[in-house]
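K.L.:
Residue strings, one per chain:
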Amino acid sequence: MRSFLFIVVSSLLVTYAFGSVVTDFITSYASQSIDAQRVVVEESQSPKIRYERVLRCGKNEVIDVIAPDPFEWALLDGKSYIINNDEMKLSPATIVDIEQRFVQILSATSTVISSTSVVYQGESSYEITALTRNATYIAVIGKQPMLLKYLKVKRSDGTISMIYTSISIVPPDYFNNFIKGLKIDSATPETMERVAWKIISNIKNASIASMDINGVTLTIIAGMFLPQENFISYLFNSNSNISPQFLVNQFKSQGYNSLSIKYENVYVVFATKVKIDDLRVWIKKVFNDQ
Amino acid sequence: MKCEEFREKFIHEELNELERVEFEEHLKKCESCRFFVNNYKKVKDSLKLLYTFKPSDELEENILYGIKKRIMLKKALIFGVPGIAAVAMSAFLAFYIVTPAGKQDFAYDKAVSAGISLLNSQPGTTLTYAKTTKSNLDYLLNIKYVSDQF
Numbered sequence: 001m002r003s004f005l006f007i008v009v010s011s012l013l014v015t016y017a018f019g020s021v022v023t024d025f026i027t028s029y030a031s032q033s034i035d036a037q038r039v040v041v042e043e044s045q046s047p048k049i050r051y052e053r054v055l056r057c058g059k060n061e062v063i064d065v066i067a068p069d070p071f072e073w074a075l076l077d078g079k080s081y082i083i084n085n086d087e088m089k090l091s092p093a094t095i096v097d098i099e100q101r102f103v104q105i106l107s108a109t110s111t112v113i114s115s116t117s118v119v120y121q122g123e124s125s126y127e128i129t130a131l132t133r134n135a136t137y138i139a140v141i142g143k144q145p146m147l148l149k150y151l152k153v154k155r156s157d158g159t160i161s162m163i164y165t166s167i168s169i170v171p172p173d174y175f176n177n178f179i180k181g182l183k184i185d186s187a188t189p190e191t192m193e194r195v196a197w198k199i200i201s202n203i204k205n206a207s208i209a210s211m212d213i214n215g216v217t218l219t220i221i222a223g224m225f226l227p228q229e230n231f232i233s234y235l236f237n238s239n240s241n242i243s244p245q246f247l248v249n250q251f252k253s254q255g256y257n258s259l260s261i262k263y264e265n266v267y268v269v270f271a272t273k274v275k276i277d278d279l280r281v282w283i284k285k286v287f288n289d290q
Numbered sequence: 001m002k003c004e005e006f007r008e009k010f011i012h013e014e015l016n017e018l019e020r021v022e023f024e025e026h027l028k029k030c031e032s033c034r035f036f037v038n039n040y041k042k043v044k045d046s047l048k049l050l051y052t053f054k055p056s057d058e059l060e061e062n063i064l065y066g067i068k069k070r071i072m073l074k075k076a077l078i079f080g081v082p083g084i085a086a087v088a089m090s091a092f093l094a095f096y097i098v099t100p101a102g103k104q105d106f107a108y109d110k111a112v113s114a115g116i117s118l119l120n121s122q123p124g125t126t127l128t129y130a131k132t133t134k135s136n137l138d139y140l141l142n143i144k145y146v147s148d149q150f
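One line per chain: the protein sequences are A and B, in this order.
For the record, in the first sequence the residue sitting at position 180 is 180 according to full-length UniProt numbering, with numbers rising by one throughout.
For the record, in the second sequence the residue sitting at position 102 is 102 according to full-length UniProt numbering, with numbers rising by one throughout.
Think of the hints as simulated: they come from the structure by calculation, not from any bench.
It should be emphasised that the depicted structure is a prediction, and the values quoted were computed from it without experimental measurement.
Keeping only pairs whose Cα atoms sit at most 27 Å apart, straight-line, the calculated DSSO-like set for lysine-lysine is: (1) Lys9(B) with Lys152(A); (2) Lys273(A) with Lys144(B); (3) Lys2(B) with Lys41(B); (4) Lys284(A) with Lys204(A); (5) Lys28(B) with Lys204(A); (6) Lys144(B) with Lys198(A); (7) Lys41(B) with Lys152(A); (8) Lys152(A) with Lys144(B); (9) Lys204(A) with Lys42(B); (10) Lys134(B) with Lys204(A); (11) Lys134(B) with Lys183(A); (12) Lys28(B) with Lys42(B); (13) Lys89(A) with Lys198(A); (14) Lys275(A) with Lys262(A); (15) Lys273(A) with Lys29(B); (16) Lys152(A) with Lys44(B); (17) Lys110(B) with Lys273(A); (18) Lys79(A) with Lys144(B); (19) Lys144(B) with Lys262(A); (20) Lys204(A) with Lys29(B).
Every beta carbon over 12 Å from chain B, so not counted as near; a handful from chain A, in silico: (21) Tyr29; (22) Thr129; (23) Asn177; (24) Leu182; (25) Ala187; (26) Glu264.
For every residue, glycine included, the Cβ atom is placed at its ideal position computed from N, Cα and C.
From just these sequences and the hints, can you work out the full model?
P.N.:
Below you can see the structure in the form of structure tokens.
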């Protein structure tokens with residue numbers, strides 16, 4: 001009985017300590033302002049590796065992807081933006097930063113969390129493990145200051161590792177002045193962008209090009225929508241003088257399966273070798289009800 | 001060894017001689033690993049430059065000139081991973097897009113033919129295009145690449 005009580009009391013104390021570390025980290029994270037570099041490696045069916053500069057003030061951040069392909073984006077008040085030169089426009093899709101996802105997970109009451117003290121790169125740190133239904137998050141956080149230095153997320157279909165290679169604490173004005181220097185366009189992304197994103201986000205090996213034919217611009221998106229099956233789609237404004245049926249008939253006459261849909265003011269013509277019913281099911285999934 | 005094991009050992013430089021040969025053979029067959037290794041090398045090169053090297057103004061100018069030249073060449077020739085079918089398609093598109101559109105339907109026929117070439121090529125072949133066909137929506141591919149899929 002005495003040992004049982006000891007275990008219960010110890011567990012409560014340890015849980016309180018864990019909770020305290022996590023709470024302190026969440027509070028600290030929201031007020032941090034940093035200029036840092038990190039490497040992100042995703043091991044999955046579509047492996048990725050990126051080297052990024054991170055300018056963060058609380059939960060707002062600007063990520064400048066340095067390699068493999070330069071690209072700059074920002075997260076401001078929960079909204080994703082694309083940065084191009086000195087302009088920032090609303091992204092047609094939410095861009096997920098695994099680090100921000102981790103902070104959300106820590107705040108969720110259903111997350112099981114444990115924490116231990118470790119030495120990471122010679123510095124006294126905490127290792128926090130958070131378990132959700134789908135993933136295990138393992139993070140290393142410095143003790144003074146409480147900066148996230150390493151994060152690994154494991155799921156059945158892959159892992160993401162994020163390693164900070166350098167972190168400098170900067171004044172919040174550093175971030176604010178950077179944002180002030182950008183012209184913000186909060187207009188809703190055009191239908192063409194949104195439709196193109198719906199397709200791109202649901203295929204593998206996506207590639208995109210456009211063809212100007214007699215003054216009409218066709219956006220062409222190719223990729224694989226089932227394992228080992230190529231697929232092509234043509235997107236154009238419905239007010240252009242192209243007949244979607246004309247393109248569909250051309251594909252059909254060559255022995256391919258093809259159909260067209262209209263999404264708001266955009267026509268999309270699809271063509272593939274896959275059964276037409278499979279194509280319909282996929283389109284329904286991607287466009288919800290079309 | 002599985003792709004993940006190869007990549008993990010490759011990153012940590014833990015491949016022994018036999019495994020290195022095996023991995024090189026594997027790379028010939030596995031496009032996914034080739035893509036990963038190429039990107040890893042780019043990231044590693046960027047890191048090396050950042051920490052070990054401060055270019056002179058003259059060299060910086062030369063590098064910027066080289067990059068501009070490379071971007072122009074890339075725009076002009078190929079987008080994405082080249083393959084035999086992709087190169088063939090690029091030439092095909094380039095030829096037909098610059099053809100004067102005497103007959104309006106002719107150009108659309110060729111757009112369809114370009115699609116058919118791709119549908120007939122190896123699965124996963126990347127769409128390529130001539131200089132005049134770079135899409136202003138290609139940043140969507142960047143969004144897909146930088147967004148963590150969790």
